[in-house]
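Undergrad: As a plain string of letters, each chain reads:
There are 2 protein chains.
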Amino acid sequence: MVTVYSFNDDGELLQEEKDTINQLSKMPLDSLNLDAVSVVTNIYRVAQGLRNKMEREVLSKHGLSWTSFSILYDLWIWKSVETKKLAELTAVSKATISNITKTLEKKELVFRKTDTRDRRITFVTMTDKGKKVMEELYPQFHQGEVEIVSSLSVKEQKNVSELLRRVIKENQF
Amino acid sequence: MVTVYSFNDDGELLQEEKDTINQLSKMPLDSLNLDAVSVVTNIYRVAQGLRNKMEREVLSKHGLSWTSFSILYDLWIWKSVETKKLAELTAVSKATISNITKTLEKKELVFRKTDTRDRRITFVTMTDKGKKVMEELYPQFHQGEVEIVSSLSVKEQKNVSELLRRVIKENQF
DNA sequence: TCATAATCGTTAGCTATGAAACGATATTAC
DNA sequence: GTAATATCGTTTCATAGCTAACGATTATGA
Numbered sequence: 001m002v003t004v005y006s007f008n009d010d011g012e013l014l015q016e017e018k019d020t021i022n023q024l025s026k027m028p029l030d031s032l033n034l035d036a037v038s039v040v041t042n043i044y045r046v047a048q049g050l051r052n053k054m055e056r057e058v059l060s061k062h063g064l065s066w067t068s069f070s071i072l073y074d075l076w077i078w079k080s081v082e083t084k085k086l087a088e089l090t091a092v093s094k095a096t097i098s099n100i101t102k103t104l105e106k107k108e109l110v111f112r113k114t115d116t117r118d119r120r121i122t123f124v125t126m127t128d129k130g131k132k133v134m135e136e137l138y139p140q141f142h143q144g145e146v147e148i149v150s151s152l153s154v155k156e157q158k159n160v161s162e163l164l165r166r167v168i169k170e171n172q173f
Numbered sequence: 001m002v003t004v005y006s007f008n009d010d011g012e013l014l015q016e017e018k019d020t021i022n023q024l025s026k027m028p029l030d031s032l033n034l035d036a037v038s039v040v041t042n043i044y045r046v047a048q049g050l051r052n053k054m055e056r057e058v059l060s061k062h063g064l065s066w067t068s069f070s071i072l073y074d075l076w077i078w079k080s081v082e083t084k085k086l087a088e089l090t091a092v093s094k095a096t097i098s099n100i101t102k103t104l105e106k107k108e109l110v111f112r113k114t115d116t117r118d119r120r121i122t123f124v125t126m127t128d129k130g131k132k133v134m135e136e137l138y139p140q141f142h143q144g145e146v147e148i149v150s151s152l153s154v155k156e157q158k159n160v161s162e163l164l165r166r167v168i169k170e171n172q173f
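Chains R and H, in that order, give the protein sequences.
Take 1 as the starting number for the first sequence in the UniProt record's numbering and just add one per residue.
Take 1 as the starting number for the second sequence in the UniProt record's numbering and just add one per residue.
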């Protein structure tokens with residue numbers, strides 16, 4: 001997870017980048033939308049920082065990746081979920097789900113069980129050990145979320161959320 | 001790249017999630033900061049959407065991943081870069097840089113050359129083919145960035161950027 | 001001088017990720 | 001009732017990503 005552009009301390013695109021883009025890409029001069037660049041880069045950078053912080057400060061305690069934690073969270077909420085449904089919930093391929101649940105099973109945090117009526121379907125369920133891990137990690141995870149946005153007032157938080165929600169809706173993300 | 005929480009159409013955390021969190025995590029009731037959850041999740045979701053959109057609509061034309069493109073971009077701007085410097089610029093491990101530049105070299109988009117004076121150092125340089133690819137892809141990439149935030153006014157874009165810049169600064173992301 | 005330490009890139013071994021192929025199972029069509 | 005089709009999860013093969021170990025090279029220090 002890597003950002004494309006570089007910025008200086010004032011949040012401005014570096015001059016070298018402006019120069020290269022203007023000179024080498026077949027774009028009309030001044031067609032570069034610096035505000036758009038700034039928005040998407042800052043969003044991406046915060047997302048990356050969020051993920052890194054969590055993996056480093058919280059999830060590493062149990063050797064979990066971001067996606068593993070996300071799947072554990074879903075199982076925590078929904079108790080038992082088909083792998084197909086897990087793939088939809090987390091928006092990763094079923095092959096990835098297959099691999100990750102295999103890893104989680106190795107750690108004894110979840111177990112898989114074939115449906116008795118339709119043997120094509122596999123349910124994934126959290127073990128007691130998995131529940132204990134979530135009960136330990138979730139509060140720390142949430143604490144991390146709070147810390148990250150703590151420099152924004154509640155009003156500003158609501159404001160950012162609202163604007164990003166519009167972006168999500170318009171793009172059907 | 002996966003989000004943890006689920007929201008309903010109004011941008012609210014699902015009731016099942018609130019219930020589970022309140023009941024099962026050792027957190028005092030009402031200690032869940034829903035605004036913080038909403039901000040970080042929306043940020044993460046936009047970042048994920050951005051990356052997916054680009055990989056699907058732009059980068060796949062040349063079989064490039066987000067990170068490959070990011071490295072190509074850096075080489076486009078800086079012409080020739082040591083692998084060590086590339087690792088710092090993109091904030092991934094030098095092992096990853098080694099693998100990705102190997103792949104890019106296979107595609108004949110870059111080449112590697114050992115420094116003559118200090119043979120421990122390797123410079124990565126973009127080929128003409130690599131330049132052509134960037135000149136083709138970059139305008140499309142930028143177009144994608146503009147599209148994504150097009151539902152926000154310029155004022156709103158500046159606003160979001162400014163607030164996120166504060167988050168980045170405070171967290172040293 | 002020449003052994004030790006520091007630096008740099010690659011390799012090894014692991015998980016994550018997706019596309020495509022595959023095998024098992026269930027459903028549909030005729 | 002059986003052949004064709006659809007569905008589901010896993011496997012395979014590729015890239016991405018990390019840490020740690022390694023090999024080559026350069027710098028240091030006594």
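The hints are simulated quantities; they were obtained by calculation from the structure and are not laboratory data.
Each hint should be verified, as a subset may be incorrect.
Same chains, same names: a pair is fine if it fits in one copy or spans any two.
Claimed, not checked - Cut-off 20 Å, straight-line C-alpha distance, at most; resulting in silico cross-link-like pairs (SDA-like, lysine to any residue):
1. K131 to L34
2. K169 to S150
3. K107 to A91
4. K131 to P28
Undergrad: Hints first: check each against the structure and report whether it holds.
TA: Verification of the supplied hints:
1. In this assembly of identical chains, K131 and L34 lie within 20 Å of each other by CA distance neither inside one copy nor across copies; the values are 46 Å within and 22 Å between.
2. Within a single copy, K169 and S150 get their C-alpha atoms only as close as 26 Å, which misses the 20 Å cut-off; across copies the closest is 12 Å, which meets it.
3. Proximity of K107 and A91 under a CA criterion of 20 Å is satisfied in neither setting, with 23 Å inside one chain copy and 29 Å between copies.
4. For the homomeric pair K131 and P28, the shortest alpha-carbon distance between copies (18 Å) is at most 20 Å, but the shortest distance inside one copy (56 Å) is not.
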